[in-house]
Amino acid sequence: MSNITATLTNQKVEIFHRASHLNSHKKTKLPKPSHIPQLMRVPAESLVYESGFLGVVPKKLAGESHNHNHNYKDINYLNEILLSKVYDVAVETPLEYASKLSEKLDVHIWLKREDLQPGVFSFKLRGAYNMMAKLSREQLRKGVICCSAGNHAQGVALSAQKLGVDAVVAMPTTTPEIKLKTVERLGATVVLVGESYAEAQEYAKHRAKDEGRTFVPGFDHPDIIAGQGTVGMEIVRQLHAPLQGTVGMEIVRQLHAPLHAIFVPVGGGGLIAGIAAYVKSVCPEVKIIGVEPYDANSMALSLYHGQRIVLDKMGNFAEGVAIEEVGEETFRLCRELIDGVILVSHDAICASIKDMFDEKRSILEPAGALAIAGAKAYCKYYGLQGENVVAVTSGANMNFNKLGLVSQLADVGRQHEPEAVFSTIVPQNREKLEQFSGLVCDQLSIENEILCRFVIPDRPGVLMKLLNAFNGRWTMNLFHYQGQGESGGNVLMGLQVVSSEMDEFKALADTLGCDYAFETSNKALQLLLY
1 MSNITATLTN QKVEIFHRAS HLNSHKKTKL PKPSHIPQLM RVPAESLVYE
51 SGFLGVVPKK LAGESHNHNH NYKDINYLNE ILLSKVYDVA VETPLEYASK
101 LSEKLDVHIW LKREDLQPGV FSFKLRGAYN MMAKLSREQL RKGVICCSAG
151 NHAQGVALSA QKLGVDAVVA MPTTTPEIKL KTVERLGATV VLVGESYAEA
201 QEYAKHRAKD EGRTFVPGFD HPDIIAGQGT VGMEIVRQLH APLQGTVGME
251 IVRQLHAPLH AIFVPVGGGG LIAGIAAYVK SVCPEVKIIG VEPYDANSMA
301 LSLYHGQRIV LDKMGNFAEG VAIEEVGEET FRLCRELIDG VILVSHDAIC
351 ASIKDMFDEK RSILEPAGAL AIAGAKAYCK YYGLQGENVV AVTSGANMNF
401 NKLGLVSQLA DVGRQHEPEA VFSTIVPQNR EKLEQFSGLV CDQLSIENEI
451 LCRFVIPDRP GVLMKLLNAF NGRWTMNLFH YQGQGESGGN VLMGLQVVSS
501 EMDEFKALAD TLGCDYAFET SNKALQLLLY
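Per the UniProt record's numbering, residue 1 is the first one in the sequence shown, and the count goes up by one each step.
All the pointers check out, no bait thrown in.
Dumping the calculated PhoX-like pairs for lysine-lysine here, alpha-carbon to alpha-carbon at most 25 Å:
no., residue 1, residue 2
1, K209, K134
2, K287, K100
3, K104, K354
4, K85, K142
5, K506, K313
6, K506, K465
7, K287, K380
8, K142, K209
Note that these hints are calculated values from the structure, not bench results.
Just need the whole structure built from these sequences, with the hints factored in.
This is how it looks when you write it as structure tokens:
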């Protein structure tokens, strides 16, 4: 591997590098892919380090340009942010002190409440309106189009309503219903297309060209970045004017310590690029730290490889940041300005959703709680005490049916140590029972049985397709399904497959289009099952 332009701040940390759903909406076929340069495809699991560790620290490479198709390097982002038009439609959201979390972690945690942005409950309104408000009358007359997993779509729809513009929104079929309904309620036309952001974007760009519409990107445009950068401007202003609003004198005294870091959720990179562009201009000592899920770490991997990459496979639990490929301009700014990326698990995200509920009686979406999870992990890992840190709570658009899964995982994520289940088989003999000291006896097994776990998308017919694929070919001894809302679900199957038929089984499994893994050697799982 060559041209790696990211370094680790702690060499003891191990890096593993291995070379809709709604019947009422018409699903649209994808256009044929356009000819674009191919980026390196990388699996998310190829970059793993301990949660809380600032794992990739970008090198500032002087004089090296990575603008490719855009010439944005000379843009004065500080000036663009100061002159932004976002306040025609957006409001300055509060910066609130998290007293319970602060006491628990022995640091001062502040929450930048972008989940309270009226109408859309997300920061995305800022960038969308800032770009659209600068369009010419002719461009506005022809209309706009965007692609989004939800929050950007709502921002574009509300901006279009404000400006009197016709808007079309291409959304992946996995988009949560709450976001889809909001977009429609705001007057935009919704088209469900593809299963990922990249597929929806391909469709939107083709339609923009065919109809003369202006494509409004979710993150990779200077006006979008500048609009999101107003979040950073507000944070700096609010922390330096703590007597405004209802902030008490006790909190004012806490601000005698300087601001240590701002934690920002990262999808395509627009929010963190904008915040970094402003904050590093006026307070260069403040750390700007990105937070990504382990299974959707496109920015961390791009920084690690020194170039933009495409995630080979991507988790969709935090769909608001489930972006396969970060933007060109956002990557350039992040490589120059941010201080690294924290990776967190689904459990930690859910625990942070619960923390927010306990703190403010508000329910964040997974992407919206990402920064809190990263801030908690970072403060624990580095043993911070008495420092001021800010976490941007970026959105609160989550389907109600996902709350059950969040509640389950939150209990695991709040454990001080990883949860473990111990099981043992002891003969019905008093002497043996008294001698029990953690010995595990061999369990009975079914001859030629394999355990295979499939991860399936939340789409009608997928589960039936999986069952039909193996039905009648091999004996099925076990079937367990765990739904995860719009993120899909996990299916655990036990099948009797002789060794001579394993190649056939794998070939059939490969045709299903689902991620799968063999769990036959998982001793803990077998102890629970038998």
